[in-house]
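A.B. asks: Residue strings, one per chain:
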Amino acid sequence: MTASPTRTRTRLRGAASLLASTDHKVIGLLYLALGSLYFLIGGLEALVMRVQLAAPGNAVLTGETYNAFFTLHGTTMIFLAVMPMLLGFSNYLLPLQIGARDMAFPRLNAFGFWITALGGLLLYLSLLEGPPSAGWFAYAPLSERPFSMSLGTDFWAAALIFMGTGSTLTAINLIVTTLRYRAPGMGLWMMPMFSWMAFVNSVIIVFAMPALNAALVMLEVDRALGGHNFAHGGSALLWQHYFWFFGHPEVYIMILPAWGLISEVIPVYARKPIFGYEFVAGSTLAIAVLSFAVYAHHMFAVGLSRPVNLAFAASTMLIAIPTGIKVLNWVATLWRGSIRFETPMLYALAFLVQFTLGGVTGVSFAVLPIDWQVTDTYYVVAHFHYVLMGGTLFALLSGLHHYYPKMTGRLLGDTLGKAAFWLITLGFNGVFLVQHALGLMGMPRRVYTYPDLPGWGALNRVSTVSAFVMGAGLVLVLVNLVVSRQLGRVAGDNPWRAWTLEWATSSPPPAGNFTRLPPVKSRRPLWDLAHPEDPDHRRPARHDRTHGHIRPEEQEHPR
Amino acid sequence: MSAPAAVPVLQPASPLAAPITHLTVFTLALGLAVFLAVTGATLYFSWKYRHRGARSEPPQLFGNARDEVIWMVLAALLLTLLFALAWWTMNRADPHTGQDGRPDLIVTGHQWYWEASYPRGSNPEGQGVARTANEIHIPAGRRMLVQLQSADVIHDLWVPQLGRKLDAVPGQNGRLWLQADRPGRYLGACAEFCGAQHAWMRFTVIAEPEASYRAWLARQARPAAAATGPAAQGAALLVREGCGECHTVRGLGTHGTVGPDLTHFASRATFAGGALRRTPAQVRSWLQDPQRAKPGTRMPRYPLTQEQLTQLTTYLETLK
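These protein sequence lines map, in sequence, to chains A and B.
Count along the first sequence from 1, add 2, and you get the number used in the numbering used here.
Count along the second sequence from 1, add 901, and you get the number used in the numbering used here.
Accuracy of the hints is not assured; some may be wrong.
The following label-pair restraints were derived from C-beta to C-beta distances [as the list claims (entries may be wrong)]:
| id | chain 1 | residue 1 | chain 2 | residue 2 | range |
| --- | --- | --- | --- | --- | --- |
| 1 | B | G1154 | A | A295 | 54 to 60 Å |
| 2 | B | R1003 | A | H243 | 38 to 44 Å |
| 3 | B | R1043 | A | L130 | 51 to 57 Å |
| 4 | A | L129 | B | Y945 | 46 to 52 Å |
| 5 | A | H539 | B | I971 | 57 to 63 Å |
| 6 | A | L287 | B | R1003 | 16 to 22 Å |
| 7 | B | W989 | A | A532 | 56 to 62 Å |
| 8 | B | S1168 | A | L42 | 50 to 56 Å |
| 9 | A | A532 | B | V970 | 31 to 37 Å |
| 10 | A | G228 | B | G1157 | 34 to 40 Å |
| 11 | B | N1074 | A | L287 | 50 to 56 Å |
| 12 | A | H230 | B | R1003 | 52 to 58 Å |
| 13 | A | L123 | B | V970 | 48 to 54 Å |
For the record, the hints were derived by calculation from the structure and aren't laboratory data.
Since the model is a prediction, treat every value here as computed from it, not as a measurement.
Glycine included, each C-beta is placed from N, C-alpha and C at the ideal position.
Okay, chain A solo, but in the shape it has when bound (with noise of 0.2 Å):
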């Protein structure tokens, strides 16, 4: 059966009018769908790769496909799923969030999109002529001509050059539209958390995409032009320090919006304010100039001298505090909550735990000798997998199961949802738990194969069996995206009944957003409307004798 030349037109003209569409909402969403496309995509290439690692010897991948898997895969992770994922909530939410009719610059804004998905093409485009095979960060020499061929990796630098350069675009307008379109009343520190962070968090990409480029472009003279910036008598740890003083950032670049998300759920299922805003707003901040004052604890291991070691291991300690800070803020809006346990929320609470386990081990790199021993090994595989998969795809899940309602208007289905969370944290946690084990006894990274020792084959085969334990809830949370459109229950503006700005429209809010914009006066403009009898502004100043805005008779210990 064919369709009818009519529905085949309508169809077709949606189509064009999705990709020349400037409203912030489609692009939001053509963002999220294009790092959902490109995570699928990355996860396969994990599972290939954890099957060549299930058994000692296997001959599944050898040598440069393997080490093109994990190029691909890291490059594709980064840059391809999370960061589209992310700036797809920050384009979806910031200007609902503050009451704003689009983003500043809309065809910019479209631009961005379009030559990041074009970067992604490009490094698929890779295949046709041997795909890149120096890593995600690429060392020089080994990135260089002489080791590296293949016009692979002269196309990854292309794609890399394009995609930061959409962010970068992406990350000034995100800027703009939070200084100069939020709604008549709402400060800078009246934003809902997400779009501080995310206004954070562009202010990051705007100074570390550009020094990665820069040192792509430098990249690419030494490769096309035969210069000599990182080899042929240039430096090899000139790459390291420029591709770190970005690659740091980038970390945070990747986890400031999950956060932003976190306090978001949180609250609103805890039916409490987040616990000291300020104290997590500001952290945010000391976070953004601290990120690019710890870049060379990834060259721990490289013989820097031992005063620059001690500054940055210093340097590194010093930025856990803004983390912690973070974390304990989130248990304490726990704290006498009333708490709810729906998706959103069981993945924000797996997020707090899997994230303080990264967290846990991140410090121990800080202490420069431990990381003399862990670095380049597994341990350091378990380590970023549990803050950028324990911690922010937990928090994109958490943050997707609890919009989905506002941007489609139907709810998930909640049976699926639940059974894909625990096929998830189970997975997630039998691949990357045992993977600490491996690194402390003695599994580089980035092998394609490893010796027969004890233990070491068992080890991984937990982890390659875990991998598609997780592989099949994701599935999972896909079917339930796809069924959940048709046959979702009706949301309603606000399902959750949350308090924010976003939730004051419709679902899905129409274009432009807003018929009419509730008063804001307060961090919490729906709370203060459901409750005309105690809105959060005439609560007691902040800096009063009960510490911040807490009432006489909701104290912890009551004078």
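Dock chain B against chain A, hints included.
C.D. replies: Coordinates of chain B only, in the frame set by chain A:
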């Protein structure tokens, strides 16, 4: 010799590695305590404050500045302690090497094997330079000053039981101490991704009593013995086929430095960066097609007849 340690990072065999292990155990215990505290609070609050059907909202608590300051001060104190311990441990695990002293041992990372060369000065017999590959001998109990360098890309020397890892960066001479408490075989690996065969750039540090170390070094410093019988045909073949472009066999007049020194090839238990054991069968299959056991290796495949393979294998087996 004993079986390899199951968790080498936690089973140090060197006064340079032991302080790191102690610090690792302490830091992991402290981290576990923090993790359990946060997880415990999360689970306890989730259970205790779960929604039980109340229709009203819970008390709206916005924060507490005093609590926040207490948390920050506690975190800062913990981290200060860790920083002090880290500094203290660094000085013990990585004592100052100086830049002038003559190294006892020069280790060079190649794609994809480790070369260890013993400079003339440290050779007690005074018989010239000894070079070997992938099996680094040291005297147990004596602290050796290692100069670490690279012939191509960045590699990283890591023997978990003996202490810190250090990158071998092209154009830069790294320096570190290598010491083992007691005789034994300690597994090591390249820890910095270095290309197609990064996985098979493994090596072993063999610590032995001072006397047997000296005897070993004296043997290694001698040129290869003259070959007789079928082995002599193998030696002639090695020269004729151009193996000497990459490999050195002292005494045979080949001086290549790209591949491992073969002068005492048969004194080693493994070859090809740990990918193969040195048995006649595995040596033969390697010579027949190096790319099968180690795809991407710099050693090309030579069209050798079965007879030639036998001759070469026989010769290599005589290089004790």
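A.B. asks: Evaluate each hint against the coordinates.
C.D. replies: We went through each hint and held it up to the structure:
no. : hint                            : in the structure
1   : B/G1154 with A/A295: 54 to 60 Å : 57 Å, holds
2   : B/R1003 with A/H243: 38 to 44 Å : 31 Å, violated
3   : B/R1043 with A/L130: 51 to 57 Å : 56 Å, holds
4   : A/L129 with B/Y945: 46 to 52 Å  : 51 Å, holds
5   : A/H539 with B/I971: 57 to 63 Å  : 28 Å, violated
6   : A/L287 with B/R1003: 16 to 22 Å : 52 Å, violated
7   : B/W989 with A/A532: 56 to 62 Å  : 57 Å, holds
8   : B/S1168 with A/L42: 50 to 56 Å  : 52 Å, holds
9   : A/A532 with B/V970: 31 to 37 Å  : 33 Å, holds
10  : A/G228 with B/G1157: 34 to 40 Å : 28 Å, violated
11  : B/N1074 with A/L287: 50 to 56 Å : 42 Å, violated
12  : A/H230 with B/R1003: 52 to 58 Å : 32 Å, violated
13  : A/L123 with B/V970: 48 to 54 Å  : 51 Å, holds
In summary, the structure is inconsistent with hints 2, 5, 6, 10, 11, 12 from the numbered list given earlier, while agreeing with the others.
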